[in-house]
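With these hints in hand, go ahead and build the complete structure from the sequences.
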Amino acid sequence: MLGEQIHECHVAVIGSGGAGIRAAIEASSHGETLLISKTIAGKGGCTIMAEGGYNAVMCEADCTDDHYQDTMRGGAYLNDPELVRVLVSEAPLRMNDLISWGAVFDVTPECTIAQRPFGGQKFPRTCYAGDRTGHEMMMTLMDRYHACGAETLHEVDVIDLIPSKEGITGLVGLDRKGDLVIVHADAVILATGGGTRIYDISTNSMSGTGDGYAIGYRAGATLIDMEQIQFHPTGAVYPRDARGRLITEAVRGEGGVLKNTKGERFMSRYDPERMELSTRDVVARAVATEIQEGRGTEHGGVYLDVTHLKPEEIERRLPIMLEQYLQFGVDIRKEPMEVAPTAHHIMGGLKITPDGATTIRRLYACGEVTGGVHGANRLGGNALADTQVFGKRAGEAAALCSRISCPDIDPMIHDIRELLGTYREGTINPAAVITELRLAMWEGAGIFRDEGSLTRCRETIERLMKMTPKAVSNQNLAECCTVRNMCTTAHLIVTSALLRKESRGSHLRTDCTEIYNPEKSLFGHTGISPAGARIERRNS
Amino acid sequence: MIPIHTRVFRWNPATEDEGRMVAYEVSVHEGARVLDVLQSIHDDIDPSLSFRSSCKAGQCGSCAVLVDGEPKLACMTEASDGMEIKPLNLPVIQDLTVDLIPGINQIPRISADTGTGLPAHEEIQAIKPLRDCIECFSCISVCPACDVTAFTGPAAMRGFMRIALDPRDSTNRIGKAIEDGLFTCTSCGKCFEVCPKNIRIPGKAIEKLREIANKAGLTLPRHQEVEKLVQTTGRSVPREKLTFLEQVGEVIEPEGEVRGEVGFFVGCMFNGRLPDTALDMLYVMRKNGIRVIIPPEQVCCGSPLIRTGQTSYINTLRETNKNCFSKRGITTVMTMCAGCGATLKNDYPDKPFVVKDVTEVLTGYGIIPTQKLPVIATYHDPCHLLRGQGISEEPRSLLIPAVQEFIEMPSICCGSGGGVRSGVPEEAAALGENRREAIRKTGADIVVTVCPFCEYHIQEHTDRPVKNLLTVLREGYEAMESSGRESTDDK
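Chains as they are written, first to last, in the numbering used here: chain A, 112 to 651; chain B, 267 to 757.
Because the hints were derived from the structure by calculation, they are not lab data. You may find that some hints are simply not true.
Simulated restraints on C-beta separations [unchecked claim]:
| # | chain 1 | residue 1 | chain 2 | residue 2 | range |
| --- | --- | --- | --- | --- | --- |
| 1 | B | Pro-615 | A | Glu-426 | 49 to 57 Å |
| 2 | B | Asn-464 | A | Glu-409 | 53 to 61 Å |
| 3 | A | Glu-409 | B | Glu-674 | 39 to 47 Å |
| 4 | B | Ser-293 | A | Pro-641 | 37 to 45 Å |
| 5 | B | Val-524 | A | Glu-409 | 39 to 47 Å |
| 6 | A | Glu-426 | B | Glu-674 | 47 to 55 Å |
| 7 | A | Asp-177 | B | Pro-618 | 55 to 63 Å |
| 8 | A | Gly-411 | B | Ala-289 | 56 to 64 Å |
| 9 | B | Lys-638 | A | Gly-411 | 58 to 66 Å |
| 10 | B | Met-267 | A | Asp-622 | 32 to 40 Å |
| 11 | B | Glu-674 | A | Met-576 | 51 to 59 Å |
A few chain A positions that, by computed beta-carbon distances, are all more than 10 Å from chain B [said to hold, decoys possible]:
| # | residue |
| --- | --- |
| 12 | Ala-240 |
| 13 | Gly-241 |
| 14 | Ser-318 |
| 15 | Tyr-381 |
| 16 | Gly-405 |
| 17 | Gln-435 |
Since this is a predicted model, take the numbers as computed values, not measurements. Just so you know, even glycine gets a beta-carbon here, dropped at the ideal spot from N, CA and C.
Next up, the structure:
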């Protein structure tokens, strides 16, 4: 029988990316905070690999109304306006927190924060630290985190949340030895990040497996707009195993141009006004169309070219891109990159209030696992801002929860042990399930979708959900739990995508030909919970 | 798809006393990384294989492993057929997964003062090169000081320097940096060599922190003595016997045709402590037609001061040394001390001459073959030659024909650099003892090196004779001459 370790705290934070660490820093100033990370804290998640930047209104020439408008328009007006207001008005404050904690962002010779243009924005609003902005943020957050007094459980996978009449009062996880980790808490914050690793081609870190969506769903929370998956237009295509690796939007922000094999700057056909700096949904579809219509490279990409920029500019502003490509034998100062769309960000997620409260009491959420902030398409640079703005808010709000006594969890522990027992007796290699799931999602729920492709994809997912992955070692138990979460998250996405019978933002239904002006669309959020799934109808 | 054969370290400490190497064969796509091979083993052969990875983009520092003995990020390193994959030299949790938490907890954390605002552009530019660290701890894995002392390691020192450069944190941490091992670094440069982010930790962090320590009056007493000696005598070694410069003229003409000409920078060790070795060099030069010009007014190169952060007197030394060669119109300055060579090459900006190590000069001109000495020799790579100057082939190409048999030895710092021999003698001794063991394993009769510090230090830690390469060459020529005489006598 496996062991058990029991922890008690006021606030438990799940996830150690930008949102989780920010939430833990905030919560720890109110009460004992325990951070549970499935990786070594600070090394997992996607914040650390975010390259381009952080959107914030930092000077008088810009204004939060413009940031609001850009975000709403970019999100095809599916965003929750209240959340967007909070985002744009607090992003500068949270930026200043980072600076005051020691962040080394690029500054201008006049000693103001340097900002670069990013897609879909009327103003160069994106603050950056070269092209390692997320890494810089994480280093800064970890410095602060180490001083904040929170405790850390490294490399613990959360299996499920502990429900009670009073709401969520803790969680049960699994460590690398296969021992159960039980955490009793007065409030829990889900900051588990995204999940596009459920797609064959993805920019996400290995931990982007969508655990938080599945865990929240099983706990009864409502998730909105799960069909909204952002495909980043520029992912690497070669070598094959590096497919999907993010080529930052900063490349285009710094002047990089997209060309097909005929040498055409094809964006002029899709968005002549904004060209390469159109929103990601538009650019991704343009790239995918060029490739589909035979104007792509042998490796299945288009060209992203910065060779017209000065070599020293490239070295200074895009050092990580340069370094990564050099390691793969391409000198981007002299030759173009080859790129194709890659699954990047899930705009949908747990429905939250501006304080990060979910639809379940004592359960809070922040960062990519939430829905509503980015609507149907996220602007580049808004995700890092989201982590800080809503990380702080969720941390603060969760910490204000009243104390509560631990419920009886024996039945739950019994069920979990039974589940883990079935994995030991499992019949299929977890890796095989993951491979099939990823291919099915890429085929059926990718950039272009229709009812047929989504239905077939859902059938595959449901078949995979019935299989029992096999754990050959204690360490594999956590992997089997991850497979379960990946399948659940995929199912949420596909079910929501079938509900939304319109093309909106990143969600392109090739079988829905009626074109709505997104501002006037008949549809609101999709919503899904264990109680059912529906799509809101707007009255306008 | 291409096949990859690899051997991977497997160990579950909970159930096995020791680890073992296990052979695997997998099929991967062309251009696959080491991580893809590990993933393939995990997915297709043995799901219990334990290794870490997260970002797959070289940014999170989770996946560093030893590939054929050298630390590499598995996600960024191309897989090669036949590679061996082992964990970093850190406590193993299972297979390739090591304990990174102690290292992470030792990284100093900035605590910015309130209301300090943005640093200036140039301050940001100064901090940036130290900011790329991804805490993969490849550096700790290879650091000789970490191996034998309580040094918290290169990554932590980088952290101290990053904080020292940031105007937002006014706390003085130099005492803590010293406590954490600032003076235990031998400046071997291995951390920089393996850093996936190319952070020049010895030069950009360790030496700069030692400068800060110096300004705070915290330089080690033994190092202060050296500085005083340099300031009063121009030399870092006290005069105990007739020095090299006192024994030789300014121009040493070769036997026969003049094939080349170099200026010679002798350095304090060869001048004061090992003059005979420098004379061996002159013998070899004469034999090979190379004229050697030796300006008598040359002084210490400054290395013992730069490595220990005592830089106030450096400019005087630099100017004296630059002038003595340039006024004689010398275009190539030859060093035979690895430390002097690295210093002249790397710490003398705008010098009006090129600097070459003696092994570069000799291989450049080519030498008359010597008679093979009837010994088995191994070679110790001086850090300041191997990494300080990037020289490894030249000494080998001179040594191997000169001895009966040559056996390689892993190149690891002997402990004599960076002021450690004088400042932290017990650490230097421990590293010296590690060399003793490495030398014993080779079974060699003699140890050959080309750095006076290494030579002097290693000799204290082995019963085999430690010889300079130039001495070996001289002995080879002498053996040739005497056997020539013998054969003449026979006639």
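Here is what the structure says about each hint:
1. At about 21 Å, the CB distance of Pro-615 of chain B to Glu-426 of chain A disagrees with the hint of 49 to 57 Å.
2. The hint said 53 to 61 Å for the Cβ distance between Asn-464 of chain B and Glu-409 of chain A, and at roughly 33 Å that hint is violated.
3. At about 44 Å, the beta-carbon gap between Glu-409 of chain A and Glu-674 of chain B stays in the expected band of 39 to 47 Å.
4. The hinted range of 37 to 45 Å is satisfied by Ser-293 of chain B and Pro-641 of chain A, whose Cβ atoms lie roughly 42 Å apart.
5. Under the hint 39 to 47 Å, the C-beta atoms of Val-524 of chain B and Glu-409 of chain A, about 60 Å apart, miss the expected range.
6. The given range of 47 to 55 Å is broken by Glu-426 of chain A and Glu-674 of chain B, whose C-beta atoms sit roughly 37 Å from each other.
7. The hint said 55 to 63 Å for the Cβ distance between Asp-177 of chain A and Pro-618 of chain B, and at roughly 58 Å that hint holds.
8. For Gly-411 of chain A and Ala-289 of chain B, the hinted distance range of 56 to 64 Å is not satisfied, since their beta carbons lie about 35 Å from each other.
9. Between Lys-638 of chain B and Gly-411 of chain A, the C-beta spacing of about 60 Å keeps the proposed range 58 to 66 Å intact.
10. Separated by about 37 Å at the C-beta atoms, Met-267 of chain B and Asp-622 of chain A satisfy the suggested range of 32 to 40 Å.
11. At about 56 Å, the beta-carbon gap between Glu-674 of chain B and Met-576 of chain A stays in the expected band of 51 to 59 Å.
12. Listed as outside the interface, Ala-240 of chain A is inconsistent with that label: its C-beta sits roughly 8 Å from the nearest C-beta of chain B, within the 10 Å cut-off.
13. Non-interface call for Gly-241 of chain A relative to chain B: violated, since the shortest CB-CB distance, roughly 8 Å, does not exceed 10 Å.
14. For Ser-318 of chain A, the non-interface assignment is contradicted: its Cβ lies about 6 Å from the closest Cβ of chain B, within the 10 Å cut-off.
15. Taking the minimum C-beta to C-beta distance to chain B, about 28 Å, the non-interface status of Tyr-381 of chain A holds against the 10 Å cut.
16. Non-interface status of Gly-405 of chain A relative to chain B is upheld: no Cβ of that chain comes within 10 Å, the nearest being about 24 Å off.
17. With a cut of 10 Å on Cβ distances, Gln-435 of chain A falls inside the contact zone with chain B, its closest approach being about 6 Å.
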